[in-house]
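Number of protein chains: 2
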Amino acid sequence: MGTPRATVIVTGTEVLGGWVSDRNGPWLARQLGALGVEHVSTVTVGDRPADLRAALEHARDQGYELIVTSGGLGPTEDDLTAATVAEFAGRPAALDEALEGRIWAILEPLSKRWKQISQEAIRSANRKQAMVPAGATVLEPVGTAPGLIVPPTDDDPSRPPTPTVVVMPGPPSELKPMWKTAEQQPAFRAAISEAVTLRESTWRLFGLPESEIANTMKSAREVGIPIDDLEITTCVHRGELEVVTRWTPEADAVASAFEEFVGDQHAETLFSTDGRRIDEIVLDLLREREWTIATAESCTGGLVAGRLTDRAGASDVVVGGIVSYSNAVKMRVLGVDAEDLRDHGAVSAIVAQQMAQGALNRLGAKIAVSTTGIAGPGGGSDAKPVGTVYVAVETVDGLSLVRHVQMPGDRAAVRDRTVTAALHMVRRVLLGEGERI
Amino acid sequence: MGTPRATVIVTGTEVLGGWVSDRNGPWLARQLGALGVEHVSTVTVGDRPADLRAALEHARDQGYELIVTSGGLGPTEDDLTAATVAEFAGRPAALDEALEGRIWAILEPLSKRWKQISQEAIRSANRKQAMVPAGATVLEPVGTAPGLIVPPTDDDPSRPPTPTVVVMPGPPSELKPMWKTAEQQPAFRAAISEAVTLRESTWRLFGLPESEIANTMKSAREVGIPIDDLEITTCVHRGELEVVTRWTPEADAVASAFEEFVGDQHAETLFSTDGRRIDEIVLDLLREREWTIATAESCTGGLVAGRLTDRAGASDVVVGGIVSYSNAVKMRVLGVDAEDLRDHGAVSAIVAQQMAQGALNRLGAKIAVSTTGIAGPGGGSDAKPVGTVYVAVETVDGLSLVRHVQMPGDRAAVRDRTVTAALHMVRRVLLGEGERI
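Those sequence lines, one after another, are chains A and B.
Residue numbering for the first sequence follows the numbering used here, starting at 16 and increasing by one per position.
Residue numbering for the second sequence follows the numbering used here, starting at 16 and increasing by one per position.
If you are wondering where the hints come from, they were derived from the structure by calculation, not from laboratory data.
You can trust all of the hints, since none of them are fake.
All copies of an identical chain are treated as equivalent in the list; a pair is satisfied when it fits inside any one copy or across any two copies.
Listed below are the simulated BS3-like cross-link pairs for lysine-lysine, each with C-alpha atoms no more than 30 Å apart in a straight line:
no., residue 1, residue 2
1, Lys-127, Lys-233
2, Lys-127, Lys-191
3, Lys-191, Lys-399
4, Lys-127, Lys-399
A quick note: this is a predicted structure, and the numbers were derived from the prediction, not measured.
Start from the sequences, fold in the hints, and give me the full structure.
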């Protein structure tokens, strides 16, 4: 049967309607890929059994080996995934009393808080969650709902067998750990027995257009690297180009040759080959050096500091920042020169440098980064159109780097890309780039 | 045939694989809902014609009236949506020379930048994009790719007719305006002729658990409001509860009665009935009063200032902020008292108040908001577990409000909810709440 194929079915009216964005589909896509399963599609349906059933039948008729569902395992009337899957697989569900007891042990302490819900209603919900289709493997609850692995059924010669169905809860915090358990189960391994686990690497490049990597792939082919043995996906995320490569163990040498080739061609822009993102790299460089950082932000309005403090433990190296949205704050708090502001404007190299210098002095950090620019949609001019941005980095030991960048996109994109550009400038200076002043 | 049903098919290996999150599916869901079309499912497939074809056929076999595709209209080899849809509908595509010329007029100036691509390759891509299935309506390019409305085909009595297919480009900035054009076309109107346009309202409540609104719906039913005539969706987004109600014109009175009922029951927590979000409401209140705002942030690390400056024109009212991640910055820049820091800790009501007062004084604003808390995962204690947050608001005319909140969730959730809580505190003070000091 070759590489097993899978579809992910996400249930939930709130996801279908766009009120909540789905995080399970993309996460499961990565997991399936890593297991060597071909992920063909992700289908989102509302909380209606008929629509879920249609999606299940479509996957069966396409001959897929695996279906993963997320959501619809809760206690309320809407939550019908387990019953729908049991019916689809032709496997009648029966009460698992031991499981009912284990769920009750979780629910009982919680139920005391739910004053408005009757004990009877809770008991009935509990019972529903403990109904197990014949032959299914139970995955113990992470929250209150158990998951299921329902094996294939081949009882009707007029149609393909039903695929193995892995039934998962909707909350990502429950789904992720339960998936890791599911992966280990014999019923799951049986469904993907033909899969060859792929190896994967993620490289990140900054400042390289997506079209350039297409050229690099062409050149690699021309010099005789059989890159068609690799599965290469590229995408631009927050102004960075991410290249994900997957390959079977037999193509190890091809993957190494391609990695070396990309490294040679793009030494200037390749900044990560171990999966780390730029904020993590900057924090690591600061820690190695035992340095602290401060920010001075205008157009990014606090988002550079926000990104630097996203990760736990940032307080070791981030002292703080100043958001100088108004010129008054630029002068008063950061000490930007009034004449320079008047002569060069707030969006200028000299003001960016003085902002970074101000943050360095006022906040007592070893390195500081500043941003000033026109995020739009208003405020642009012929000389300084929307997207004009200056980023400066200054250090206590006198390194200085300032850059003008013209950012494409709307207000949110200009702000977001400026944050990324600022972190990359910090990295460059931490690696020794910049002028001595 | 009743309410027309639709499926959205999103194409793109990068979306399927989770490298890029899909913004078109949720947006189209809202548009279809507003047109009175029942949106049954959203299917994401990679850039493989066979998988797209299977999704198209499934929608046909389910008897849907409308399919909307997004993506796969670009110039490269991967971009095969238009050809696949033409084949599916049994409508051979022919070159539209006038359209080819119009696309060339867009491409020619751009092509001069693409030095590495041959003119011939560009011409061939151009030709591909100008192939129009027989009988289809062309939607003029917003970027470089035209869209299509392909009418139903009913040429095979053994299966249902093919639905109307609206073929849209992938980039949201192209899709959104093109959709608005598509909605007006006779071929589109014909597909949804049975739809009854729904009315819609969005209310937002802060500080109300989702289960409470379920109780309110139950109570409304008990007092005789026939709320089953309304379609009500609730979801929690960034710590706020969003209630979207849709109804047919005949249910106008029911919608008004329900709105009044919710307003009575939840006057304390209902803060928006006109679709505005909290950041917009705060900026509007500041503008009305001609006041300026400043921030002093610890655990949110700049994200409150970031949210306040998300919208264009924020510079009218936002002067700036101070990210005081370290205690040194809290003391040195914001003037927080060293003894209070030592006696009460950085995460305390008194430090929050001094931080806000410091921002007010140092940055020269009329109102200031501060945040200090333990975002985790480390740093918690029995007395102050992870999620302990203090928010304070101070004004130049002596109003003061400080609150302790215990935030649930992980680091990102604690930070995000603290931002929301801070903006709500500002709104309350701008509406007169708080103590005179």
